[in-house]
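Taken in sequence, the protein lines are chains A and B.
UniProt numbering puts the first residue of the first sequence at 1, with every later residue one more than the last.
UniProt numbering puts the first residue of the second sequence at 1, with every later residue one more than the last.
Calculated directly from the structure, the hints in this document are not laboratory data.
Keep in mind that this is a model prediction, so the values were computed, not measured.
Don't take every hint at face value.
Stated by the list, open to error - Cross-link-like lysine-lysine pairs, in silico, DSBU-like; alpha carbons within 30 Å at most:
| # | chain 1 | residue 1 | chain 2 | residue 2 |
| --- | --- | --- | --- | --- |
| 1 | A | K180 | B | K58 |
| 2 | B | K58 | B | K298 |
| 3 | B | K241 | A | K180 |
Claimed, not checked - Short derived list, chain B residues pointing at chain A, Cβ under 7 Å:
| # | residue |
| --- | --- |
| 4 | L208 |
| 5 | V245 |
| 6 | L289 |
| 7 | A319 |
| 8 | E322 |
| 9 | N381 |
| 10 | L385 |
Using N, Cα and C, we set each Cβ at its ideal position, and we do this for glycine too.
Spelled out from the first residue to the last, the chains are:
2 protein chains.
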Amino acid sequence: MEEERKKESEFRIKIDRDSDSYEDFVDQIKTSIEAKDQTSLKSMLDGAHPADVVTLFKDLEKEEELYLFRLLSYEDQAYSLIKMEEETLESFLEELSVDEISKTIGHIETDETTYLLSYLPSAKRELVLANLSKTDSFEIRSQLGFREYSAGRLMSKDFATVTITDNVRKGIINVRKKAKEIEDIYQVYVTNEDGVLEGFIPLKDLFLTPINTKVSKITNFSVFAFHYDVDQEEVANTFKKYDLVSAAVTDDLGRIIGRITVDDVLEIVEEEASEDILLMAGVSEDERLSTPILQSVKRRIVWLNVNLLTAFVSSTVVAFFEDTISQIVVLATLMPIVAGLGGNAGTQSVTVVIRNIATGDLSFSNWWDAVRKEFTIGVLNGLALGAVTFTMIYLVKGNLTLGLVVGTAMFVNMMVASLVGSLVPILLKSMKIDPAIASSIFVTATTDVCGFFFFLGLATVFAKYLV
Amino acid sequence: MEEERKKESEFRIKIDRDSDSYEDFVDQIKTSIEAKDQTSLKSMLDGAHPADVVTLFKDLEKEEELYLFRLLSYEDQAYSLIKMEEETLESFLEELSVDEISKTIGHIETDETTYLLSYLPSAKRELVLANLSKTDSFEIRSQLGFREYSAGRLMSKDFATVTITDNVRKGIINVRKKAKEIEDIYQVYVTNEDGVLEGFIPLKDLFLTPINTKVSKITNFSVFAFHYDVDQEEVANTFKKYDLVSAAVTDDLGRIIGRITVDDVLEIVEEEASEDILLMAGVSEDERLSTPILQSVKRRIVWLNVNLLTAFVSSTVVAFFEDTISQIVVLATLMPIVAGLGGNAGTQSVTVVIRNIATGDLSFSNWWDAVRKEFTIGVLNGLALGAVTFTMIYLVKGNLTLGLVVGTAMFVNMMVASLVGSLVPILLKSMKIDPAIASSIFVTATTDVCGFFFFLGLATVFAKYLV
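Turn these sequences into a full structure, and let the hints guide you.
So this is what it looks like as structure tokens:
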């Protein structure tokens, strides 16, 4: 018993896809659904986290999912919708009636409601909004008005405030009023009489201070606030840099209109990093294991066709030197080495630069440092690898000129790789294009073309020493 | 004024590297350091966030950094140490005396102290520990005893508890006792009389409930807890999956020994994602823009040399077909296309699989689904790209057999790419090797070898129709 505990974390989770009994569990669920045995289904799902129910959905058929979904409490329905991947969510929202959706979203905070409604076609969305209370629908409408991926979209409208001229008692009363709607309150925001943000008070300080104390006495004025139109990536980077737990969102006049908490940011950090990895490999940023195959194929094939095109371009460079190759056929065996290594070195530069742009460490103030560093690395790596290649070729083939040609081409191509690899993402960024999308293909195309050109070009010039 | 506000988020930050006045600011700082003008330095840094001071350090010389550092309050010193990148931190800890370090770390929580001390050489660490109070040094020692990258290392030992048999009054008293040491309290953990974790109470509920209420009445029993030896990546994935704000850490007997909050997890999510991107490109996982050039070179060159080796291997495959190439030199221009596209398709599969392993969406229960999906994509993309290539070659070169040879080789290589690309990371993972490190090189080496082999092999078989 103790041994077992040692290895497993002890969540209160009832559904674990990796457990041995999981398949049996799914079978039971399926049987009970077929028998429409609501009692045993409810007892099997009792205490299950909505996130786990969504995991379970992956192993069920569409109709089974919906049947099970409708057995959940409205609150669990709402949370399971939130935890679904995009495609599953869309198909669910399609199946559910306006009435069902309206009932469900009554149980979550405005930012989450806004998120879910953004996936509805506008006609159906209007019907759902008409079903909500005036205040709710007004709030959601105004939040839907913010730009996608902005702080305004991300924020929750549920927060507690107190005016700076009030005393602590008033603050506690305000928290009490909000406590029912808001799941987690970490702090109370302090505003002036016009609602302009002044500071904040950590919840524990509010409760542990004598109630007649002036709010201004315990206000922390180092408050972080984002304008509603700030990009969510900037929000995430600021949270990371300053280790924030929550931050306010303000309107054009500096009045607080929402709050963002670190758990909202967690998802963004994850998404942005995932996006970078996937985009760099030419996979759509939202491809998941659950993405339908044809959709994956459709998206990936675009990238492969672009690659095919650049491959044809670089092959015309080779074609240009067909005469030389037909005389010295060993060139055909060596040319992919020069081109390939350039591609690898270029990818290293691209990756480091893209990652540093994403984390905010590389900005317009220090791009030149980054390029200079990458180029220096390129020169040094080029010298080292050029020397290794020269030595290997000379030893194996016994031809000094051949070794020199390969080594020199390698050296030059590595320099090109580091320069292009660092400049391209920075240029794309300055043109407001996501550098993760297009950089790597551009860089490897360049290193292929240059690699073939330098190597075969040099070989053609020194052809008479190579035969 | 309003316009300006619209664009900028209004943090209380005084140091902004991207602002126009930043260079002047750095110059002023440098001049004041030279003049040892502590008064103006302190006023210039007044209200600056330690994270910003660390950013400023990047533009100063080593001695200037240290001079400025020593002007900070002990608390700000501690936080700026925490925000430093590994190499800067190490060099700082080397320069600071045992006495200085001891004074500084008195002002932060145990998990942060443990983090800083883990960067000290053990002799110096012992001296610092000897300077601390018995309780502190005992706590830090025990935390240093946990495995690196485990929940135990990550957790903070500062948390408030209440026994389930007590009433709310006792809970509030316990919070009050801890309030001075702990920056953020979100919840109070509920234990039985042996300290075994039973549940938690959100702070607002504790304060808003009549003080004579039994703790058991308002305890939320759906508490998340990790055993101290659980890996931090699992911790992060659980936080993401269940949208946690904080979780308990327990010992072998289920007693609470610490807590992890979502802001600790933010850094891990970022790190793990960064690591994957960098490792896949053959860059060391902790390479930053600030990494010294020679260190970057040293680390990247290892990867490039491995690549060079695999490139030589695949070039021997080409060498095997030199006779065919010397007869039909067009093969040399086309062979990189087949190999290259296979590499691209393989990288797509590798990336999707690695990302899904990292996020926990791909586990041992569904790896076969993933491989089957990737292979199906490989077949479909292979058919499509094979057809495109066939058509293009046939139209351009006017040789039906050549088109068929290229197209078929392309098709087969794409299938191999998807299979190898999905299987290799899963295999590495099952052997407890980080799939991000070695997968992509293995996959591209395979697609190179197979691409050259299938294409040149087929060409050799059908050589007489190609001339």
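Cross-check of the supplied hints:
1. A threshold of 30 Å between alpha carbons decides the hint, and for K180/A with K58/B the separation of about 47 Å lies outside it, so the pair is violated.
2. A distance of roughly 23 Å separates the Cα atoms of K58/B and K298/B; the hinted pair therefore holds under the 30 Å criterion.
3. A distance of roughly 24 Å separates the Cα atoms of K241/B and K180/A; the hinted pair therefore holds under the 30 Å criterion.
4. Interface restraint check: L208/B against chain A, minimum CB-CB distance 6 Å, threshold 7 Å, status holds.
5. For V245/B, the shortest C-beta to C-beta distance to chain A is roughly 6 Å, which falls under 7 Å, so the interface hint holds.
6. For L289/B, the shortest C-beta to C-beta distance to chain A is roughly 5 Å, which falls under 7 Å, so the interface hint holds.
7. Checking A319/B against chain A: minimum C-beta separation of about 4 Å stays under 7 Å; hint holds.
8. Nearest Cβ of chain A to the Cβ of E322/B: about 5 Å, under the 7 Å cut. The hint holds.
9. A hinted interface residue such as N381/B counts as satisfied when its beta carbon comes closer than 7 Å to some beta carbon of chain A; here the least separation is about 6 Å, so the hint holds.
10. With a cut of 7 Å, the hint placing L385/B at the interface with chain A holds, because the nearest CB-to-CB distance is about 6 Å.
The structure fails hint 1 only (numbered hints given earlier).
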